[in-house]
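Asker: This is what each chain is made of:
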Amino acid sequence: MTGRNARRNLRGVWTALLTVLGLFLVACAKNAPQDTLAPVGPVAEQADNLFRPVFWIAVVIFFLVEGALVYAMWRFRRRSDADAPKQVHGNTRLEILWTIIPAVLLAAIGVPTVITIFDVAEKPVGANVVHVKVIGHQWWWEYEYLDVELPGGGNLKTANELVIPTGRWVDLTVTSVDVIHSFWVPKLAGKQDAIPGKDNFIKLRADQPGVYEGQCAEYCALSHANMRLRVIAQPSADFDNWVRGQVAPAPQPADAQIVDRFLNTCFQCHTLRGIGSGGGATTGPDLTHFASRSMFAGSMLETNARNLAAWLDNPSSLKPLADLPAGPTMRDYDLSQSEIDALVAYLMSLE
Amino acid sequence: MTTASVAQRSSAFARPTAKTGVWSWMTTVDHKRIGIMYGVTAMVFFVLGGVEALLIRLQLATPEGQVLSADQYNQLFTMHGITMIFLVVMPLGAAFFNYMMPIMLGARDVAFPRLNAFSYWAFLGGGIFMYSSFFINQAPDGGWFGYAPLSVKLPGHGMTVYALGLIILGISSTVAAVNFLTTIVNMRAPGMSLMRMPVFVWMTFVVQFLLVFALPVLTVALFQLLFDRTLGTQFFGDSTSNPILWQHLFWLFGHPEVYILILPAMGIVSEILPVFSKKPLFGYPVVVFSGIAIGFMGWGVWAHHMFAVGLGPVANTAFALSTMFIAVPTGVKIFNWIGTLWGGSIRFKTPMLFSLGFIAMFIIGGLSGVTHAIVPHDYQQTDTYYIVAHFHYVLFGGAIFGLFAGIYYWWPKITGKLLDERVGRLHFWLMLIGFNLTFAPFHILGLQGMARRTYQYPKNYGFDFWNLVSTVGAFVIALSILTFFWNVIKTRKRGETAGADPWDGRTLEWTIPSPPPEYNFAEIPVVHALDDFWHRKYVEDKEGRLVPVPAGAQEAAGHATEGYGGDDHGIHMPSQSYMPLIAAIGLPIVGWGITFEQYWLAIVGGVVTFAGLYAWALEPSTEELH
Ligand code: HEM
Ligand SMILES: [Cu+2]
Numbered sequence: 001m002t003g004r005n006a007r008r009n010l011r012g013v014w015t016a017l018l019t020v021l022g023l024f025l026v027a028c029a030k031n032a033p034q035d036t037l038a039p040v041g042p043v044a045e046q047a048d049n050l051f052r053p054v055f056w057i058a059v060v061i062f063f064l065v066e067g068a069l070v071y072a073m074w075r076f077r078r079r080s081d082a083d084a085p086k087q088v089h090g091n092t093r094l095e096i097l098w099t100i101i102p103a104v105l106l107a108a109i110g111v112p113t114v115i116t117i118f119d120v121a122e123k124p125v126g127a128n129v130v131h132v133k134v135i136g137h138q139w140w141w142e143y144e145y146l147d148v149e150l151p152g153g154g155n156l157k158t159a160n161e162l163v164i165p166t167g168r169w170v171d172l173t174v175t176s177v178d179v180i181h182s183f184w185v186p187k188l189a190g191k192q193d194a195i196p197g198k199d200n201f202i203k204l205r206a207d208q209p210g211v212y213e214g215q216c217a218e219y220c221a222l223s224h225a226n227m228r229l230r231v232i233a234q235p236s237a238d239f240d241n242w243v244r245g246q247v248a249p250a251p252q253p254a255d256a257q258i259v260d261r262f263l264n265t266c267f268q269c270h271t272l273r274g275i276g277s278g279g280g281a282t283t284g285p286d287l288t289h290f291a292s293r294s295m296f297a298g299s300m301l302e303t304n305a306r307n308l309a310a311w312l313d314n315p316s317s318l319k320p321l322a323d324l325p326a327g328p329t330m331r332d333y334d335l336s337q338s339e340i341d342a343l344v345a346y347l348m349s350l351e
Numbered sequence: 352m353t354t355a356s357v358a359q360r361s362s363a364f365a366r367p368t369a370k371t372g373v374w375s376w377m378t379t380v381d382h383k384r385i386g387i388m389y390g391v392t393a394m395v396f397f398v399l400g401g402v403e404a405l406l407i408r409l410q411l412a413t414p415e416g417q418v419l420s421a422d423q424y425n426q427l428f429t430m431h432g433i434t435m436i437f438l439v440v441m442p443l444g445a446a447f448f449n450y451m452m453p454i455m456l457g458a459r460d461v462a463f464p465r466l467n468a469f470s471y472w473a474f475l476g477g478g479i480f481m482y483s484s485f486f487i488n489q490a491p492d493g494g495w496f497g498y499a500p501l502s503v504k505l506p507g508h509g510m511t512v513y514a515l516g517l518i519i520l521g522i523s524s525t526v527a528a529v530n531f532l533t534t535i536v537n538m539r540a541p542g543m544s545l546m547r548m549p550v551f552v553w554m555t556f557v558v559q560f561l562l563v564f565a566l567p568v569l570t571v572a573l574f575q576l577l578f579d580r581t582l583g584t585q586f587f588g589d590s591t592s593n594p595i596l597w598q599h600l601f602w603l604f605g606h607p608e609v610y611i612l613i614l615p616a617m618g619i620v621s622e623i624l625p626v627f628s629k630k631p632l633f634g635y636p637v638v639v640f641s642g643i644a645i646g647f648m649g650w651g652v653w654a655h656h657m658f659a660v661g662l663g664p665v666a667n668t669a670f671a672l673s674t675m676f677i678a679v680p681t682g683v684k685i686f687n688w689i690g691t692l693w694g695g696s697i698r699f700k701t702p703m704l705f706s707l708g709f710i711a712m713f714i715i716g717g718l719s720g721v722t723h724a725i726v727p728h729d730y731q732q733t734d735t736y737y738i739v740a741h742f743h744y745v746l747f748g749g750a751i752f753g754l755f756a757g758i759y760y761w762w763p764k765i766t767g768k769l770l771d772e773r774v775g776r777l778h779f780w781l782m783l784i785g786f787n788l789t790f791a792p793f794h795i796l797g798l799q800g801m802a803r804r805t806y807q808y809p810k811n812y813g814f815d816f817w818n819l820v821s822t823v824g825a826f827v828i829a830l831s832i833l834t835f836f837w838n839v840i841k842t843r844k845r846g847e848t849a850g851a852d853p854w855d856g857r858t859l860e861w862t863i864p865s866p867p868p869e870y871n872f873a874e875i876p877v878v879h880a881l882d883d884f885w886h887r888k889y890v891e892d893k894e895g896r897l898v899p900v901p902a903g904a905q906e907a908a909g910h911a912t913e914g915y916g917g918d919d920h921g922i923h924m925p926s927q928s929y930m931p932l933i934a935a936i937g938l939p940i941v942g943w944g945i946t947f948e949q950y951w952l953a954i955v956g957g958v959v960t961f962a963g964l965y966a967w968a969l970e971p972s973t974e975e976l977h
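These protein sequence lines are chains Y and A, in that order. The working numbering puts the first residue of the first sequence at 1, with every later residue one more than the last. The working numbering puts the first residue of the second sequence at 352, with every later residue one more than the last.
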């Protein structure tokens, strides 16, 4: 093999390596609502603080090892077929060295890792802590505010959007009613699986008000991609206001036809506090304050009259749905146009 | 050979004797032919898995992709994963175990030639069975690790096919593992002590141990899943049972499985580097022992796939530390490979390019692997494209590059023709570039919060650009694979004749003609050293420099002619047989019967398998032919 060829190979290798690294660096510059590299809450920040030094150590090792590889390829390329390289069979000292150095390095990474593992597993305590139970459903999220009792008994339940106060710890109990899901709001914290029959713990805190995007991260069949969620962080006073608003029951609809529809069809799965419910079964999201949420259908669709009308007409035209063994999902109920109009008008009034 | 006929015609059929044509392949028990069939079949599945990948990438090229429905997407990503793992990488490894391992040991065949044929046919049957589910548009759709309770609850036949198909493939791999273990323990040529075995054979050995112990765990879990789905048992499927149990069982198999996938490639690369560096492998015993260490430690890291499951901080700590420490023997291997290159005389032939590509890419996969062990940050990484990037760097950048290195390296031995170097180089560079274009962006996408296994992603999440780049890369990979096929076609007729030893090889397979005769060695070689063949060609002077042995002196050295010449008179190879094929055909029939609840069909399949096994047990391995 000629030197020219070797040089050409070398150049190719370098280009490939630099491309890979270049891609990495560009990544940090971009703005993305689920970016784990731009954490906001302390839990996500703690993880990020751990990752960054490890990432840079990995970059250094990458250059050292790939550099040694590429250097060896170039330096020891064959010049003549008569080359008679020294026949080295090994070297015990080197072997020990390159066993110990990585081991020590890994141990050094291990210590802060273990400390942080226990740190983020610690439950927040105090009167300020907000407790919410997060329940995964195919394919939407339900939130039960364990500290907020309703006048009629039971706790406040909402869907899709988790509203929290800023600056206060939120202690989440994560579980599921059907298959395994995973609750994930990248800017605030890593994910935690929602497993039927098991209560998992995760905590978050948002120190700045804002909307934090998230989604289900464990494959849960057909509409897994559409099982999105939002965390809305508001200043504590706004949050208290919000709670007061949510506790109020829904107003009676003016139109009797709607009540009929709710009783016969929607209440099989949904609840409308003050009006009726499907016997406490929560197969579908609580609709009491439907229009107070910015998104619906697993935080997939913006809450507006047009989307809602299309949804009521035929939900699976907007989001893949299928009959589920755990209970039927929403389907086309052959509503007439006037029924749809009346339902949309009423639901959009449920602030 | 005995003159008295020990053979009785105990089978109902006359023994097959075709030496050419379809039936010669259907009834062969020759480890080399079986190896070729494994390789060709795995390549067909590679194309299928690749087409699935391209469809996935087309769907994801733009936000809110409309190429596939959610249901189609879910079937395709599940089948893509299953195909690449169980129908491509594992059988490609098996192709080399079959073809090369006995020759590298100086043996004429494996310990149980008919069992070997059965392994292949069961593998093919399992693959066809899995793929048949596409015809009813109900391919498995629960992901390749089939998490319960979803895998129990998913409607349709898909996950039943998954359980049965993997059980059949597991039978194939388990009997193959027993066969290869027996072969390596018992059939080494005289003088081939364990520490004179080529590293590839060592890695084969470790892999078979992993298979023998890991597959039963999976098989048990699959039967439980099957019973949950078909008989209504409740191992994983409802709130009274424990869905986490499935994950423990699956990953207790699944983590050793990833070493099953990568160790053969590591073995191949350990063979190729010395040949093209003109230097022995640096630290042979260390490379061997680190392979064994990886094999052992691989049993203690399974829950690193489950950090977000909520096992608690103590369990997560234990598995984080074990995961970090398995990186040590892995790193040691990489350093020894670089040590092999160091001071050598490196020839950049295609097999060497792929081996170097393997090392370069595997380093990246290894480093991202260490970042997964940072548990609090793995809560961010797991189930995102960052993970998808990691396992493609180890499985594609690692295993597939290593296996292609093996294909280019041993192709001349298997076919007698050299693959074209220029086309080979083109293949390599296209694949390296395409691979990095496709998978490097996944690191970014994952860290930017793109979840895996999602058939669509919304606009305005910052995912658009890198997804498009990745799709372009996938088509560059496809082009590189086409280049490989072009190379095969081009050299089939017009390729350069290889001769016995085209690369100046070190191990026994290069002492025999290309392609090898059915009996491999006319005379069983006697082995005097590690890299025995090399030592027949070269000696080291006092400074450790290489001096070629003049042709005549080889005789004087006393062992050069062993393995050559001799005459093949009176070598009796095991006779061909229909029985492994028949026994294997029953398995997918049982599968279809159970899937469609046509139990009569399952019974028919069972009878076919049983009849095949029964007749097989009665027929002698070598039939005296008159
Ligand atoms: C042309 C080459 C390939 C491309 C473009 C490709 C692309 C992809 C993509 C995009 C996914 C993610 C699907 C999702 O999560 O939604 C995926 C998953 C996967 N791929 Fe590949 N891949 C390729 C080759 C391979 C090879 C060679 C292997 C193994 C040796 C492999 C093993 C896997 C596995 C195990 C999964 C996970 C499947 C699952 O999530 O259940 N792929 N691939
Ligand atoms: Cu989900």
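Worth flagging that the hints you see were computed from the coordinates, not collected in a lab. One or more of the hints may lead you astray.
No farther apart than 25 Å at their CA atoms in a straight line, the calculated lysine to any residue pairs in the SDA-like style are these [as the list claims (entries may be wrong)]:
hint: 1; chain 1: A; residue 1: K768; chain 2: Y; residue 2: D81
hint: 2; chain 1: A; residue 1: K888; chain 2: Y; residue 2: Q87
hint: 3; chain 1: Y; residue 1: K86; chain 2: A; residue 2: H879
hint: 4; chain 1: Y; residue 1: K198; chain 2: Y; residue 2: G154
Quick look at which bits of chain A chain Y covers, simulated, 3 or more residues with Cβ under 8 Å [claimed, not checked]:
hint: 5; segment: 365 to 371
hint: 6; segment: 448 to 455
hint: 7; segment: 552 to 564
hint: 8; segment: 686 to 692
hint: 9; segment: 794 to 805
hint: 10; segment: 928 to 936
hint: 11; segment: 947 to 956
Label pairs and their calculated CB-CB ranges [to be verified]:
hint: 12; chain 1: Y; residue 1: R52; chain 2: A; residue 2: P866; range: 19 to 29 Å
hint: 13; chain 1: Y; residue 1: S317; chain 2: A; residue 2: F836; range: 37 to 47 Å
hint: 14; chain 1: A; residue 1: F836; chain 2: Y; residue 2: A305; range: 30 to 40 Å
hint: 15; chain 1: Y; residue 1: K86; chain 2: A; residue 2: S544; range: 48 to 58 Å
hint: 16; chain 1: Y; residue 1: V129; chain 2: A; residue 2: N811; range: 53 to 63 Å
hint: 17; chain 1: Y; residue 1: E302; chain 2: A; residue 2: G663; range: 11 to 21 Å
hint: 18; chain 1: Y; residue 1: A107; chain 2: A; residue 2: K844; range: 50 to 60 Å
hint: 19; chain 1: A; residue 1: G651; chain 2: Y; residue 2: P209; range: 44 to 54 Å
hint: 20; chain 1: A; residue 1: M546; chain 2: Y; residue 2: K86; range: 48 to 58 Å
hint: 21; chain 1: Y; residue 1: A107; chain 2: A; residue 2: D589; range: 36 to 46 Å
Ideal placement from N, C-alpha and C gives every residue a C-beta, glycine not left out.
Asker: Indicate, hint by hint, whether the structure satisfies it.
Answerer: Now for the hints, and whether the structure bears them out:
1. A/K768 - Y/D81: Between A/K768 and Y/D81 the Cα gap is close to 22 Å, so the pair holds against 25 Å.
2. A/K888 - Y/Q87: Roughly 14 Å separates the two Cα atoms, so the pair holds.
3. Y/K86 - A/H879: holds, 21 Å
4. Y/K198 - Y/G154: Since the Cα atoms of Y/K198 and Y/G154 sit roughly 21 Å apart, the hinted pair holds (cutoff 25 Å).
5. 365 to 371: violated (count 0)
6. 448 to 455: Violated: only 0 residues of the segment 448 to 455 of chain A have a Cβ under 8 Å from chain Y.
7. 552 to 564: violated (count 0)
8. 686 to 692: holds (count 5)
9. 794 to 805: Our answer is that it holds, as 10 residues pass the Cβ test (under 8 Å) against chain Y, meeting three.
10. 928 to 936: violated (count 0)
11. 947 to 956: violated (count 0)
12. Y/R52 - A/P866: 19 to 29 Å: violated, 55 Å
13. Y/S317 - A/F836: 37 to 47 Å: holds, 43 Å
14. A/F836 - Y/A305: 30 to 40 Å: violated, 56 Å
15. Y/K86 - A/S544: 48 to 58 Å: Given about 26 Å between the Cβ atoms, the range is violated.
16. Y/V129 - A/N811: 53 to 63 Å: violated, 33 Å
17. Y/E302 - A/G663: 11 to 21 Å: violated, 39 Å
18. Y/A107 - A/K844: 50 to 60 Å: holds, 58 Å
19. A/G651 - Y/P209: 44 to 54 Å: With a Cβ separation near 45 Å, A/G651 and Y/P209 satisfy 44 to 54 Å, so the hint holds.
20. A/M546 - Y/K86: 48 to 58 Å: With a Cβ separation near 23 Å, A/M546 and Y/K86 fall outside 48 to 58 Å, so the hint is violated.
21. Y/A107 - A/D589: 36 to 46 Å: Hint holds: Cβ distance 43 Å, inside 36 to 46 Å.
In the structure shown, a violation is registered for the earlier hints numbered 5, 6, 7, 10, 11, 12, 14, 15, 16, 17, 20, in ascending order.
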